[in-house]
Amino acid sequence: MAGVLALSGGVGGAKLALGLDRILPAGALTVICNTGDDFEHLGLSISPDIDTVLYTLAGIANPQTGWGRANETWTFMATLADLGGDTWFRLGDADLAVHIERTRRLAAGDALSVITEHLRSHLGIRSTVLPMSDQPVRTQVETSEGMLPFQQYFVKRQCEPAVRGFRFDGASEATPPPGLTQWLANTPLEAIIVCPSNPYISIDPILAVPSLRRMILDHSAPVIAVSPVIQG
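According to this note's numbering, the sequence shown is numbered sequentially starting from 585.
Hints were generated in silico from the structure; no laboratory data involved. Built from N, CA and C at the ideal position, the CB exists for glycine as well. Any given hint might turn out to be false.
Pair by pair, the computed Cβ-Cβ distance ranges are [unchecked claim]:
1. 685 / 643: 16 to 26 Å
2. 801 / 671: 37 to 47 Å
3. 665 / 759: 34 to 44 Å
4. 803 / 672: 36 to 46 Å
Take the sequences, apply the hints, and build the full model.
So, in structure tokens, the structure goes:
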């Protein structure tokens with residue numbers, strides 16, 4: 585069976601990934617998720633784009649925002665605020681369980697791709713979802729105020745500082761997860777699809793992983809990029 589490889593960030597890419605998941609045969613789609621947005625917060629390992637893709641494919645994403653979970657509750661955040669804690673990045677109660685389980689398993693030595701596969705299986709998703717690498721890659725934003733970690737710029741500062749460029753720390757040393765390398769070696773591809781995610785902060789980090797970029801460039805399958813620009 586021919587497969588389809590999709591490169592995705594969060595909300596925009598997840599919507600196309602959902603469509604592909606619904607029309608392709610079970611097991612034909614593999615989604616590679618950006619992990620440049622990943623960060624540590626409140627002692628937890630957060631993978632925003634992976635989780636958005638997982639929640640979307642599982643049919644449990646918040647339909648109003650496109651991220652987070654539907655019917656989420658916020659007791660944890662309310663209690664944290666009462667205690668004077670750091671609340672600029674909101675973690676819902678059900679969402680929190682995912683971050684706790686991911687953090688626990690990372691501390692136990694499990695690879696991010698193994699953990700993501702575990703979550704995918706338990707959420708009942710039929711397509712494969714993988715991080716772009718098991719090694720940490722972190723997007724840093726060069727701004728008018730200096731370098732800022734991506735979530736500090738995007739969420740805490742609400743994109744206020746002027747952007748001058750991006751840096752993907754750890755990308756040059758990162759490698760694709762073993763599951764992806766094996767899948768590409770054993771599966772004929774019908775297409776490689778670049779989902780309509782932000783090209784600078786969602787797609788570029790994926791392509792910054794040298795061997796992953798080379799595998800895509802060298803593959804004989806057509807590469808199809810879907811523009812995220814609306815009425816441009």
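For each hint, the structure was consulted:
no., hint, in the structure
1, 685 / 643: 16 to 26 Å, "holds (20 Å)"
2, 801 / 671: 37 to 47 Å, "holds (43 Å)"
3, 665 / 759: 34 to 44 Å, "holds (40 Å)"
4, 803 / 672: 36 to 46 Å, "holds (41 Å)"
Of the numbered hints given earlier, the model fails none.
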